[in-house]
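A.B. asks: As they're listed, the protein sequences go chains A and B. Per the numbering used here, numbering of the first sequence is gapless, rising by one per residue and ending at 286. Per the numbering used here, numbering of the second sequence is gapless, rising by one per residue and ending at 345.
Warning: the hint list may mix true and false statements.
Derived CB-CB ranges, DEER-like [as the list claims (entries may be wrong)]: (1) A/221 to B/79: 47 to 53 Å; (2) B/70 to A/213: 32 to 38 Å; (3) A/148 to B/294: 50 to 56 Å; (4) A/202 to B/281: 56 to 62 Å; (5) A/101 to B/230: 47 to 53 Å; (6) B/287 to A/98: 23 to 29 Å; (7) B/288 to A/98: 26 to 32 Å; (8) B/70 to A/98: 21 to 27 Å.
Distance condition first, Cα-Cα at most 20 Å in a straight line; then the derived SDA-like pairs of lysine to any residue [claimed, not checked]: (9) A/57 to B/281; (10) B/73 to A/8; (11) A/57 to B/263; (12) B/73 to A/11; (13) B/73 to A/88; (14) B/73 to A/120; (15) A/239 to A/284; (16) A/101 to B/73; (17) B/120 to B/36; (18) A/168 to A/211; (19) B/344 to B/267; (20) A/226 to A/281; (21) B/222 to B/345; (22) A/120 to A/179; (23) A/32 to A/21; (24) B/223 to A/241; (25) A/101 to B/231; (26) A/144 to A/98; (27) A/57 to B/76; (28) A/57 to B/273; (29) B/73 to A/226.
Simulated from the structure, these hints should not be mistaken for laboratory data. Computed from a prediction, not measured in an experiment: that's the story for all the values here. Just so it is clear, CB atoms sit at the ideal spot from N, CA and C, and this is done for glycine as well.
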Amino acid sequence: MCLNNPYIPMPVEIIKIIDEVDTHDIKSFRLKFLNPEDEAKFKYLPGQFSELSIYGKGESPIGIASSPTQDGYVEFTVQRAGAIVPGLVTAALHDMDEGAKIGLRGPLGNSWPIEFLEKKNIVVVGGGFAFTTLRSLINYMLHKDNRSRFGEITVIYGARTPGLLLYKDELIQWEKRNDIRTVITVDKGDETWTGRQGFVPAVCKDVAPSPANTVAVICGPPIMIKFTLPVFFELGFSKENILTSLEMRMKCGVGKCGRCNVGYKYVCSDGPVFSLAQLEELPRDF
Amino acid sequence: MLKKTSISEISDLAAQLMGKGALIAPVREEAGFNFREISDAKQVDLNFYNTIISPKSAFFPQTEDFVRYQTGKDILEATPVELNIKPAFLFGVRPCDVKSFEIMDIHFTGTGAVDPYWQKRREAAAIFGYAFDLNTPADGADFYSTLGIGAADPEGSDVFMIKKGDDLLLKAITPKGEKLLAEMSVLSDATPDDLNYFDDTVAAGRAFKTRFTCVEAKPIAKKFEDLFGNTEFWEKVSNACLSCGACTFVCPTCYCFDICDETLFGKGTRRRVWDACMFTDFTLEASGHNPRTKVYQRLRQKVCHKYSYHIRKYGPISCVGCGRCTRACPVNIDIFSIVDEAMKA
Numbered sequence: 001m002c003l004n005n006p007y008i009p010m011p012v013e014i015i016k017i018i019d020e021v022d023t024h025d026i027k028s029f030r031l032k033f034l035n036p037e038d039e040a041k042f043k044y045l046p047g048q049f050s051e052l053s054i055y056g057k058g059e060s061p062i063g064i065a066s067s068p069t070q071d072g073y074v075e076f077t078v079q080r081a082g083a084i085v086p087g088l089v090t091a092a093l094h095d096m097d098e099g100a101k102i103g104l105r106g107p108l109g110n111s112w113p114i115e116f117l118e119k120k121n122i123v124v125v126g127g128g129f130a131f132t133t134l135r136s137l138i139n140y141m142l143h144k145d146n147r148s149r150f151g152e153i154t155v156i157y158g159a160r161t162p163g164l165l166l167y168k169d170e171l172i173q174w175e176k177r178n179d180i181r182t183v184i185t186v187d188k189g190d191e192t193w194t195g196r197q198g199f200v201p202a203v204c205k206d207v208a209p210s211p212a213n214t215v216a217v218i219c220g221p222p223i224m225i226k227f228t229l230p231v232f233f234e235l236g237f238s239k240e241n242i243l244t245s246l247e248m249r250m251k252c253g254v255g256k257c258g259r260c261n262v263g264y265k266y267v268c269s270d271g272p273v274f275s276l277a278q279l280e281e282l283p284r285d286f
Numbered sequence: 001m002l003k004k005t006s007i008s009e010i011s012d013l014a015a016q017l018m019g020k021g022a023l024i025a026p027v028r029e030e031a032g033f034n035f036r037e038i039s040d041a042k043q044v045d046l047n048f049y050n051t052i053i054s055p056k057s058a059f060f061p062q063t064e065d066f067v068r069y070q071t072g073k074d075i076l077e078a079t080p081v082e083l084n085i086k087p088a089f090l091f092g093v094r095p096c097d098v099k100s101f102e103i104m105d106i107h108f109t110g111t112g113a114v115d116p117y118w119q120k121r122r123e124a125a126a127i128f129g130y131a132f133d134l135n136t137p138a139d140g141a142d143f144y145s146t147l148g149i150g151a152a153d154p155e156g157s158d159v160f161m162i163k164k165g166d167d168l169l170l171k172a173i174t175p176k177g178e179k180l181l182a183e184m185s186v187l188s189d190a191t192p193d194d195l196n197y198f199d200d201t202v203a204a205g206r207a208f209k210t211r212f213t214c215v216e217a218k219p220i221a222k223k224f225e226d227l228f229g230n231t232e233f234w235e236k237v238s239n240a241c242l243s244c245g246a247c248t249f250v251c252p253t254c255y256c257f258d259i260c261d262e263t264l265f266g267k268g269t270r271r272r273v274w275d276a277c278m279f280t281d282f283t284l285e286a287s288g289h290n291p292r293t294k295v296y297q298r299l300r301q302k303v304c305h306k307y308s309y310h311i312r313k314y315g316p317i318s319c320v321g322c323g324r325c326t327r328a329c330p331v332n333i334d335i336f337s338i339v340d341e342a343m344k345a
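Produce the entire structure from the sequences given, and follow the hints as far as they go.
C.D. replies: What follows is the structure, encoded as structure tokens:
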């Protein structure tokens, strides 16, 4: 962040835009810092987020989709908001071309607890668009320097349709590897789909990961979370070993503007990553 | 160091302070008193009870410009607004309001990211606290005794002022205050009698009672945690609430803000402005989800923030019992009564 002022964004250039889904409303934006000193300072871990900033439109808090093991850029996958509330920033971003310059504040928030995850088996469960910081975590763990620090890795990822799956090229790469189990499912396949069909909770039940020395990292739409959690309880996962990431409306991102609290925790600075045990201590105000 | 001046000559002191920096003091306005930067030393008037809006705006103004930009121009041409901060004297701050600065310090500079605006303004300011007049009964809305704040507590001030008949006694509390008072040639030395009067008043201020109920930080925090799910309680206490946010705007410890871009003819400013958890869209997310759509949920957020969340997060209760929210509320919602009722619930 700019010169000891956490509210001033750093300038970045969009070096690549990837159209992720067949509905064209989710794109990944690869950003490069314009000042080398900003790039050197931007040290992040999977699970953190940043505020993407466009003067005249505003700012949006977006999870970091790239892994810190990927050098030279930082990537964000952004859905165009606006179905219900006008999404000024995401719409402006979606209308931009490669080469455009925007602002970035971050990295913000805590991260997936890497030290806690080390030496454990990891089950990553993702639904729909909420796969971005999970993908960051997976790529981080799969990196050759990191892979030995973690046990077995299982990924269960579902989307409504095949065309809505994010990061398709990477999913194919992961499926080819023997050090990660990748289970992809869609609610409803099309004529070309040969993979699994079914909702994420049912697939989790089917895959039935063992809770022994295992942490489940779960992100998805509320309805998926609601039906997935009981599956993991039934499998014997403790609340300390189920992690998720919360969303709330945010402005400052650094725990000052008072907007994103759930009880005494600010999602932006105390979170966004919480264990289920931590969440159960908080009032149901999210 | 204890000094004094005649209240009839207060403008001489004001003028001397204005020669050293910005003087921010209560000024009589149409609806009542408010803190303003003084442009004419004669404006300073100590015949006030308390200001309508708290003095927090001296460090956390209602609007704060962050960056100036032009739409369509390169982001590199956007320029952060220079923080041009000069020494300031915050004059005539009541003890409960002085206490509020300490509570806000923990949030803005004491924990996590440092807010440079609050920090720099706070460092550049000297606080001239001012005891309530113990010969006048406390306003019916006030309840600072409940929060353990005396009517004449000097703690937190750099200089603390007590009225003695036609005179104003000024005591240096901090080294910063000591230095300042030494430089004020318009002040005269106080007598041993003045010193006794000062000490007696501070003591009497502790015995001076506003509305009072026995509240301790940790038990009340727990009480509200337990009450969170009691929708009946919250619906009852918020029944009349209009969600207007007036309580939060006059409050010395409300710090919520929005960051917004204001553009006109291609030229714009990114700034922060005070916001309020009482507003419907405060927590409205881009997905359309809003965790606090109901009035009772928002009033619950405000009360629990001050009397529960803030305690769990930072330690102290985030309320100083200044009574402003109760005076400002158009439908007579009174946070003291809510706390009192919660204790009994």
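A.B. asks: Indicate whether the distance between the beta carbons of residue 202 of chain A and residue 281 of chain B respects the range 56 to 62 Å.
C.D. replies: violated (37 Å)
A.B. asks: If you draw a straight line from the CA of residue 101 of chain A to the CA of residue 231 of chain B, is it 20 Å or shorter?
C.D. replies: Violated: residue 101 of chain A and residue 231 of chain B sit about 48 Å apart, past 20 Å.
A.B. asks: Straight-line Cα separation of residue 73 of chain B and residue 120 of chain A no greater than 20 Å?
C.D. replies: violated (49 Å)
A.B. asks: Does residue 241 of chain A lie within 20 Å of residue 223 of chain B when you go C-alpha to C-alpha?
C.D. replies: The given pair, whose Cα atoms are some 30 Å apart, is violated under the 20 Å limit.
A.B. asks: Regarding the pair residue 73 of chain B and residue 11 of chain A, is the alpha-carbon distance no greater than 20 Å?
C.D. replies: Satisfied, since the Cα-Cα distance of roughly 13 Å is no more than 20 Å.
A.B. asks: For the pair supplied as a hint, residue 222 of chain B and residue 345 of chain B, is the alpha-carbon distance within the 20 Å limit?
C.D. replies: holds (12 Å)
A.B. asks: With a cut-off of 20 Å on the C-alpha distance, tell me whether residue 57 of chain A and residue 281 of chain B pass.
C.D. replies: Status holds; Cα separation ~17 Å.
A.B. asks: Need the status of pair residue 144 of chain A, residue 98 of chain A: alpha-carbon distance at most 20 Å?
C.D. replies: violated (30 Å)
A.B. asks: Residue 120 of chain A and residue 179 of chain A: Cα distance at most 20 Å?
C.D. replies: holds (14 Å)
A.B. asks: Tell me if the straight-line CA distance from residue 32 of chain A to residue 21 of chain A falls inside 20 Å.
C.D. replies: Outside the cut-off at roughly 23 Å; violated.
A.B. asks: Given the hint that residue 168 of chain A pairs with residue 211 of chain A, test it: the Cα-Cα distance must not exceed 20 Å.
C.D. replies: violated (28 Å)
A.B. asks: Regarding residue 287 of chain B and residue 98 of chain A, is the given constraint of 23 to 29 Å on their beta-carbon distance met?
C.D. replies: holds (27 Å)
Of the numbered hints stated above, those contradicted by the structure are hints 1, 2, 4, 14, 18, 19, 23, 24, 25, 26, 29, listed in ascending order.
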